[in-house]
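Using the sequences and the accompanying hints, generate a full structural model.
Chain order of the listed sequences is A and B. Position 156 (the first sequence) corresponds to 156 in the UniProt record's numbering; numbering is contiguous. Position 256 (the second sequence) corresponds to 256 in the UniProt record's numbering; numbering is contiguous.
Check each hint, because a few of them may be wrong.
To be verified - Computed footprint of chain A on chain B, listed as stretches where at least three residues anywhere in the stretch have a Cβ under 8 Å from a Cβ of chain A:
| hint | segment |
| --- | --- |
| 1 | 172 to 181 |
| 2 | 212 to 222 |
Unchecked claim - Here are the computed distance ranges between Cβ atoms for each label pair:
| hint | chain 1 | residue 1 | chain 2 | residue 2 | range |
| --- | --- | --- | --- | --- | --- |
| 3 | B | 231 | A | 72 | 46 to 56 Å |
| 4 | A | 65 | B | 90 | 21 to 31 Å |
| 5 | B | 154 | A | 126 | 17 to 27 Å |
| 6 | B | 265 | A | 133 | 33 to 43 Å |
| 7 | A | 122 | B | 154 | 13 to 23 Å |
Just so you know, these hints were derived from the structure itself, not from any lab. Note that the structure is predicted; figures quoted are calculated from it, not measured. Even glycine gets a Cβ: it sits at the ideal position worked out from N, Cα and C.
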Amino acid sequence: MTDVATSGTPVLDVRSVAVDLGGRLALKDIDLTVRVGDLVGLIGPNGAGKTTLLRAILGLLTPHTGSIHLDGQPADRSRGTVGYVPQRHEFAWDFPLPVAKAVLTGRTHRIGWLRRPRAADREAVDEALERVAMTELRHRPIGELSGGQRQRVLVARALALRPRLLLLDEPFTGLDVPTQELLTSLFSQLSDEGKALLMTTHDLPAAADLATRLCLLNKTVIAEGPPDTLRDPAVWLRAFGVAKSDQLLTSLGVTR
Amino acid sequence: MNSVMDFLTGPWEHLFMRRAFAVAVMCGIVSGVVGAHVVLRGMAFIGDAVSHSVFPGVAIAFVFQFNLVLGGAVAGLLTALAVAVFSQNRRLKEDTVIGVFFAAAFGLGIVILSTAPGYSGSLESFLFGQILGISDGDVVTVAVMGLILLLIAGAVHKELVTVSLDRETATAMGLPVFALDVVLYALVTVTVVISLQAVGNILVLALLITPAACARLLTDRIGIMMALAPAIGAGSAVLGLYLSYAYNLAAGGLIVLVVTGVFIVCWLLAPRHGLLTARTHRRGHALAPDDVAAAPAQPTDNTALVERTPAA
Chain A
1 MTDVATSGTP
11 VLDVRSVAVD
21 LGGRLALKDI
31 DLTVRVGDLV
41 GLIGPNGAGK
51 TTLLRAILGL
61 LTPHTGSIHL
71 DGQPADRSRG
81 TVGYVPQRHE
91 FAWDFPLPVA
101 KAVLTGRTHR
111 IGWLRRPRAA
121 DREAVDEALE
131 RVAMTELRHR
141 PIGELSGGQR
151 QRVLVARALA
161 LRPRLLLLDE
171 PFTGLDVPTQ
181 ELLTSLFSQL
191 SDEGKALLMT
201 THDLPAAADL
211 ATRLCLLNKT
221 VIAEGPPDTL
231 RDPAVWLRAF
241 GVAKSDQLLT
251 SLGVTR
Chain B
1 MNSVMDFLTG
11 PWEHLFMRRA
21 FAVAVMCGIV
31 SGVVGAHVVL
41 RGMAFIGDAV
51 SHSVFPGVAI
61 AFVFQFNLVL
71 GGAVAGLLTA
81 LAVAVFSQNR
91 RLKEDTVIGV
101 FFAAAFGLGI
111 VILSTAPGYS
121 GSLESFLFGQ
131 ILGISDGDVV
141 TVAVMGLILL
151 LIAGAVHKEL
161 VTVSLDRETA
171 TAMGLPVFAL
181 DVVLYALVTV
191 TVVISLQAVG
201 NILVLALLIT
211 PAACARLLTD
221 RIGIMMALAP
231 AIGAGSAVLG
241 LYLSYAYNLA
251 AGGLIVLVVT
261 GVFIVCWLLA
271 PRHGLLTART
281 HRRGHALAPD
291 DVAAAPAQPT
301 DNTALVERTP
311 AA
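What follows is the structure, encoded as structure tokens:
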């Protein structure tokens, strides 16, 4: 598996995918490849279909046309191999669980029916907590965590699976600067270690700094490439569907 | 002293009271465990719906003399199906459809029951329980079904928790979320049916929801909650029976009143979260110097205020 990966088989391969949501075409002609070590920022306005694309990759939506492959396998046969970090409000924070137990639920399907967690599961949880700097808070009830700590719990839950591909939905939204910095450096480390990451974001400057590649999405892929190559303002204006916005372009660092 | 001993040992001299204690304790335990899942998923209303929708099945089973649990389960399932089908109409929300159908199921149950001889007596026993008139066979049924329910609840515990925490991610992992929902509904249905005899159709919700709600107030650990809820349910059931025997009052109603009393005490006095304890806890925080180191945020704010006041 490692040989295949290093020789360049994409961890994620999305080909001419179209997704139909209740009769409305939410995504069309999506081509996206994420390889080992990639940290791809998925950028687009609200309603561009970012979360829809993540859900299709997770197998929660069936594409209307096209194919999605994970490590060369069709996505619906690779269920449970992808680390997923949903938006924070998707999670029942009022549940009476300590941090470590919540992180362990990321491995429920791996542990298997009628089985208790084994040493490998506990090690994976310990390691994940360490990486998001939550080891000291492992016994804290999840209901008592701050927003930044909650985001770190969700990242740890995904990492506890030791996935090769990590999907993150708006991981930086509403976080304070220290948590943003912690997660930014964690994501770079993960990509250096050969994980593949795909994250949706509104925080364009941060994404441009962090990502190895950006993918501008608005129903379809408007442009894709390393941040440096996306200097053409027209591309950004098209992705966000605005005629002209100096503020947008400045905030992106496209023009200065 | 003697009267206390009489209060404690008196009921045990009667076989019907011994059976009542056995059934009440078992129902309290099972309802506590299943109820904890119901409360944590915020589906208490579903429990209400199930307790009504099993009624026609139980009534039919009663009139035609076959297994009450089976009859109740079939009726519950059919009602759930009707709700699922009629909810497809997007103008109506699911809870509205549930409201329509559980009232309908209840009406149907009463009509069926009215065909049986001794109608009002049997209606009353369905509504409020007949815990003092339980047979040995009933005790065995409750014991066996209760044990099966506990085993199933234990077997799928971590999967149920995972789904309740985050449905979307659980689905993405490949957990059979729909099947797990069905298992949870089935657990609720059977729990309701076996508890019918103890506290009756209307009051069964109190055994399902209230002890779990008490336990949630008392702890932030699901493991402790899973132990506390059954203990509170069983303990309240026993105390209710004692009171019922001593004062010759309705057993089912007293069990519910006792468990509701426990709920109110928990709500007021629960550690850290109770109304009164939270207040004294906060006051203690402001006064105790030991806590300053533990909670630096608050004192820092205070000093800032103090420093600013003279300047302004």
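Tell me the numbers of any earlier hints that the structure contravenes, in ascending order. none
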